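**Student:** Here are the chains, one letter per residue:
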Amino acid sequence: MGVILEVKNLTKKFSGLTAVNDFSFEVRRGEFTGLIGPNGAGKTTLFNLISGHEKPSSGTIRFDGRDITGMKPHQIVNLGIARTFQIVRSFRFMTLLDNIAVSCLSPRGKKVAKEYGIDEYASSILAAVGLVDKARIPPIILPHGDLRKLQIGKALGTNPQLLLLDEPFSGLSHEEQKGITDLIIRLHDDGVTVFMTGHVLRELMHLVPRVVAMHQGKYITEGPPQEVANNRIVLEAYLGKGSEQLA
Amino acid sequence: MRIIIVKKKISNFPSYFRDWISTFRAKVTIICLIGLCLVPLLTQNPYFLGIFTTFMIFTLFAASWDFLAGFVGQVSFGQAVFLGVSGYVTAYLIRYLSFPWWLSLVIGSIIAVLFGLIVGVPALRLKGPYLALGTLSMSMIMYQLFLMGSLATMWEDAFGTLLFGAEGVSQITPISPNIIIEYFITLLIMCVSLLILTHITKSNVGTIFKAIRDDETGTSASGINTTNYKILAFMISGLFAGVAGGLFAMRFRGVNPGVFQPLYSFYAIIIAAMGGLATISGSAIGAFIFVFAGELLRETQDLSLLIFSVILILFIRFAEHGLLKPTLERIQELWDIVLGR
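Note that the protein sequences, when read in sequence, are chains A and B.
So the first sequence is numbered by the numbering used here: it starts at 1 and just counts up by one.
So the second sequence is numbered by the numbering used here: it starts at 1 and just counts up by one.
In case anyone wonders, no lab produced these hints; they're calculated from the structure.
These numbers were taken from a predicted model, which means no experiment stands behind them.
Positions of the beta carbon are idealized from the N, C-alpha and C atoms, including for glycine.
Treat the hints loosely; a few may be bogus.
Claimed, not checked - Computed footprint of chain B on chain A; a stretch qualifies when at least three of its residues, placed anywhere within it, have a C-beta under 8 Å from a C-beta of chain B:
| # | region |
| --- | --- |
| 1 | 76-89 |
| 2 | 222-231 |
Said to hold, decoys possible - Below, a list of computed lysine to any residue pairs in the SDA-like style, where the Cα atoms sit at most 25 Å apart:
| # | chain 1 | residue 1 | chain 2 | residue 2 |
| --- | --- | --- | --- | --- |
| 3 | B | Lys325 | B | Phe24 |
| 4 | A | Lys114 | B | Asn204 |
| 5 | A | Lys110 | B | Lys325 |
| 6 | B | Lys127 | A | Lys114 |
| 7 | A | Lys72 | B | Phe184 |
| 8 | A | Lys134 | B | Leu41 |
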């Protein structure tokens, strides 16, 4: 299993604040990895850097052996990294089918979609995320759980090798969480490399075999979730100093 | 492969047409078109036919703005730039180089497309109100450039009139000395242009345009190069505004720097807002009201902009979706009652 994503000494400074500080880690092909850290740890900024929505102050990001540091978001997507956003984004006044079709019309998505026809391919993705019966309605009237599914569908339309999921469970009920969990597991079984964040440890614990821990922009540790959860710095980050006695 | 698809489309055309004609919208469209074709039978009065021709030109101009604002989300206040540039080029070619009108119109429109590129590239870095301000100042620059107050007199003394000065280009020949032929040519150009614009909004490219309108960051996260598509949208809008500009110059037998005034951009916005944003064909209703009300208000020309501004505010307050959709719904209800459904 080769390394698909390699982040080295990545730093992002906003005026006066270092959101990501000399961060290095790797994701191997076909792996299922989680990124944990309390609110404000810099997880979303790290995602924005990888997906090209923000430019790093220093450091490099390599995808599949290729340096993608500083590339534009659409270029990165067309190399095979798709992402979802923590705050759901959708094309509000377009049907769900068209929402997915936009991704299928990207150069990378089109290569696959062309064989089946854009609309047919988009509706097969809608079926995969469980929204095919709502294909003709706009997302403004969808419940939050369906919007999360739509996000994943939009990412799938670009035919990604690596899927970055930013807090895919935030704001969902228990049942909705389960639906998304099943979906993500299915995608991973189909061969997509998944890298996802979560600030609640419990959600990720049962799902991923390996987590990377982040706190105040810095790399802390990585390993199986149980091990990481018992790490002193991780506990401090979540519960405050002196909490190791409690745990 | 491509040929097979085209063949398939052609063989499917009768059924596609049948589907379309069965919709209520299609019936209304056809009735309106027949109505417009019958107008010259009712009156050969050049004054009335002239008003109708003006109405069609403004429809096209407003539709080009509506395409950019309603479907791509780029609110431009500089649509007059395209109108003026194409108007000037068309007028110049007809007057001084004696080109035939259609060739002048084509060249004028192509120059307007190039201006779409020139406006589009800097506009990419501007969003929302800044884009509006940027395009507004662009049209004011063009206005001043073609008017050229103090600088122009200096230039004139040395080289002769710069860019035709405040007089503009006048005395150009119309499309045809026969007003009826002019009427039908304008009608044909308007219908074909609106058809193409509507078709673009329903195509795959149109899907991407609408995505950019709804969420630009999200569109780039879907792997779309939003920069290229925004430039393309400005060029398409420039093309049709340019066609309107060329027709405008021929209709009024000339152009002057006034066409670059932000006023003309506001006309497009007023018309599109009256018809309804993101409808394309709504511009026809808006332009109809605008041009005919404009003729009625001819006596009070100084007040007309004030009156239209008030109308625009009322529309924004009470009918933000414009007239097209509610009107169609009312007519459909009436239709159903008449048929006894």
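**Student:** Which numbered hints does this structure break?
**Tutor:** 2, 5, 6, 7 and 8
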